[in-house]
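Asker: As a plain string of letters, each chain reads:
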Amino acid sequence: MTQFVRNAWYVAGWSRDFGAALRPLEITGEHMVLYRASDGRVIALEDRCPHRLLPLSKGKRIGDTVQCGYHGMTFGTDGRCVRVPGQENLPASAYVAAYPVEERHGIVWVWPGEPEKADRDAVFDMPELADPSWHVHQGDALHIRAHYLNVAENLVDPAHVSFVHPTTLGNAASENVPVHVSTSGAVITAWRWIRDAEPIGFFKAFGGFSGNVDRWHYYHLHLPSTAVIDFGSADAALALAEEDRGQGVRIFAIHFVTPVNADETVDHWMHVRNTALGDEAASAQMDAMFRVAFAEDKEILEAIHVSEARPQRRKPVRIAIDKGPNVYRKRIRDLVEAEATEDLGAPVAPSFIQHD
Amino acid sequence: MTQFVRNAWYVAGWSRDFGAALRPLEITGEHMVLYRASDGRVIALEDRCPHRLLPLSKGKRIGDTVQCGYHGMTFGTDGRCVRVPGQENLPASAYVAAYPVEERHGIVWVWPGEPEKADRDAVFDMPELADPSWHVHQGDALHIRAHYLNVAENLVDPAHVSFVHPTTLGNAASENVPVHVSTSGAVITAWRWIRDAEPIGFFKAFGGFSGNVDRWHYYHLHLPSTAVIDFGSADAALALAEEDRGQGVRIFAIHFVTPVNADETVDHWMHVRNTALGDEAASAQMDAMFRVAFAEDKEILEAIHVSEARPQRRKPVRIAIDKGPNVYRKRIRDLVEAEATEDLGAPVAPSFIQHD
Amino acid sequence: MTQFVRNAWYVAGWSRDFGAALRPLEITGEHMVLYRASDGRVIALEDRCPHRLLPLSKGKRIGDTVQCGYHGMTFGTDGRCVRVPGQENLPASAYVAAYPVEERHGIVWVWPGEPEKADRDAVFDMPELADPSWHVHQGDALHIRAHYLNVAENLVDPAHVSFVHPTTLGNAASENVPVHVSTSGAVITAWRWIRDAEPIGFFKAFGGFSGNVDRWHYYHLHLPSTAVIDFGSADAALALAEEDRGQGVRIFAIHFVTPVNADETVDHWMHVRNTALGDEAASAQMDAMFRVAFAEDKEILEAIHVSEARPQRRKPVRIAIDKGPNVYRKRIRDLVEAEATEDLGAPVAPSFIQHD
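Chains as they are written, first to last, in my numbering: chain A, 79 to 434; chain B, 79 to 434; chain C, 79 to 434.
Take these hints with a grain of salt, some might be off.
To be verified - Simulated pairs of lysine-lysine, BS3-like, Cα-Cα distance not exceeding 30 Å: (1) K393/B to K136/C; (2) K195/A to K393/C; (3) K393/C to K138/A; (4) K195/C to K408/C; (5) K376/C to K136/A; (6) K138/C to K393/B; (7) K282/B to K138/C.
Everything labelled a hint here was simulated from the structure, so no lab data went into it.
Isolated chain A (complex conformation) (with noise of 0.2 Å):
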């Protein structure tokens, strides 16, 4: 069961990883060729030469035209073939499939499901990316080796954060404070605040902080996969109300989670902060403290992903903490199947009678 969402916005790299080569890439099993066409749109197609199977990626380009690299046959932007060396006639069974591809803030997104369906509001944005009183850094493509569900529902899940990063993210006066869950929408929030505790490592680092603090977590998962994760702390002497953390040292850590396939994903992270702007050197210091957290998070995720796949006597149980995992699987589960199934419309009359 690969549970792919396909009808979604994936993020497929950074702006800067393409250009005029021809680049592929796995999305959800998909096999696609990307490559920036001359306008400057980046381009998406179907990574498999309807004649041999040869990939397209193999080829080379001829304008904005990809060649197939065995018999020569050539594509489009839009995936229709131009050209079969040794015949006139182009037959309209021999194209591509091209993928709706959107590019905002420096970040490329692919849709790998029905074109048609493709929503290009439904792109994930935020104010913060566009706004200069907040730093925006875009950070590493993380490539674990799990299902892509194991590695978002990790994004929606506050309680792991004192067990795995206890010397980055977390550290003990958290372990027993209870989660919040809550949704909106097509956002699954969980969060808690630690109240008048030892400042973690990440902010003795960055907030200058060295008596107790007010420190927040809030964990939002925008269905499928993309996660915003906004945590900072405040002197715990302002008693800060929820709604005032601006006013804090605030961080959001942005993960964009793409599955590849049923054992790989990646994940593109970044973050944006409220401190420290233009600071080159403070966000070199943060990608490093991120990619020791990250590293911790992908031992246990890869791990899991090899137990998984063993035998298993007994079904796991599932404990207070999982509310946020829990009402995250769900919700994909609804979207795979109505992905799934074709739904005809409601009836027009009640469909359920009650007898006396």
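With chain A fixed as given, assemble chains B and C onto it according to the hints.
Answerer: Quick look at chains B and C alone, frame taken from chain A:
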């Protein structure tokens, strides 16, 4: 068909292999984590947190308990959950299996099957292991990519020695000497004497023989997979009776064959001798010779493992020298059958009634 | 679907590849051990002892027989068992298959199918291999991770040359030149002439042409998988007729395509030429150019092999230039069907009767 006997003791390692650290091991396809508790006992728990399936060996010890590395669920030495962070109640289903462990003569045994059937008196033992007139020396843990039945049957098969180990444990003199096989309880014994022949390499090195010797090999295979190979030589002029072989130079090579899974086996081997007592240089020399010989077995057994996985057009043939292996495989099949079924006891009246 | 034609001769290697040593090989999924007997014949036996399945290639030669490395069971050059250590009788079922072998022109052929059908007159031959006015040179054994049908069809497919080998064997001049296809018995031929065009890299190097040439490619594919590519160039001013191409600079590139298994193929290639006779420097230069070209094929074919293993949503398309490959695949399907069924002969009366 894995053909594992699960209700049995298997060697997990030497005593020195287990300390405070969490050590993952696989035995008969069971993934376990082993560690030595503060009272000195070796503990073996199922290596799978029941929550998100992370192997507990990725977590850490908190005193004698093991805390999962993902969300901190914690288990005692009996496998019961003692803490679930974020909640007060400890669900009954939140446990991991705890495997019986027995440690004796510097050897750690684990019982992967039903714990209530673990009979501590059934752990393999022999008086020479505690007798100061014998020198006991632990060898290596040899990893073999082969099915354990092929590894173990090799140890009740004197006939292979002339061909696999011509320079160490055998020579051409024994090629056609018949093999005797007998069984006694859970022990199958195959043996032969080669009378009045040139000594093999091993006893040239350790027995100091130059003229002809009488040489014996007794292969005792204790079900399911512990082999004691009693071999030695004596001056041919003595014409020793079988039961007097203790007067010769005598060595027990002991192999504890542990099935890892259907493709992997570990052979912990050691040796016990009535010569060169306390002479560690002699032990090291013997280790070196055994390593040569067992590497010869490993090469053969791993090649067979690959060959067995290929499609087979014809049934293998059985020949006269297979008597020991044949008896062994039949006994294992019977044990596996007994474990796979429930015996509800004998009938109160004869089951089979003959009508005239 | 492996689609192996088993009743056929396949190249096992060059004569120099076989000596006293036991050499394991896989052909059409059959595991064989080959060695040269004392009378000079190359022997090919099933590489699996019928006793415990150890490959005989792990054993050793005793004279012209092969002794298994595990228990010494020994087999003659005809595959019959000649010794079972530990017993007198030699069971009739204790044999290994012996494969027909034919050696000619320094090439060793094996017949993996039914031995009684092996027709030694059917081994591929051509007069130039024994004609001193031609220079014969053996090249490499190229291992390709691809299905042999894809490798062989590439050799009856002139259309790929312009795109895969633009700097060595082809150039853009041929991209749209039509391909002719004919069949004669067990040979499928695809060919084309490119008249009055710039010489390709190969003939710039070896023909000494500077002005325009007429260039030909004849791809003769002998079923099941031996390809003879007759290619050459002549001064365009001569306007040679097809049958007079022997007057030009002419090369036969010969490929012996041996299916290893469903995922691997070996291409033993050699070349034969009517120019630079006896010039080993020229042979080495040609080898170097062929190695570049065949590495280009290998890259394409291996990428296709990976692509074919992916789930396919749509059927591949066939185009005009596929005529040679299409005929080839149909002929192979017919041969495989013929091998898989028993033909009990023609009916004595018409089978199909039309009623008015």
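Asker: Give me the numbers of the hints this structure contradicts, sorted from smallest to largest.
Answerer: No hint contradicted; all consistent.
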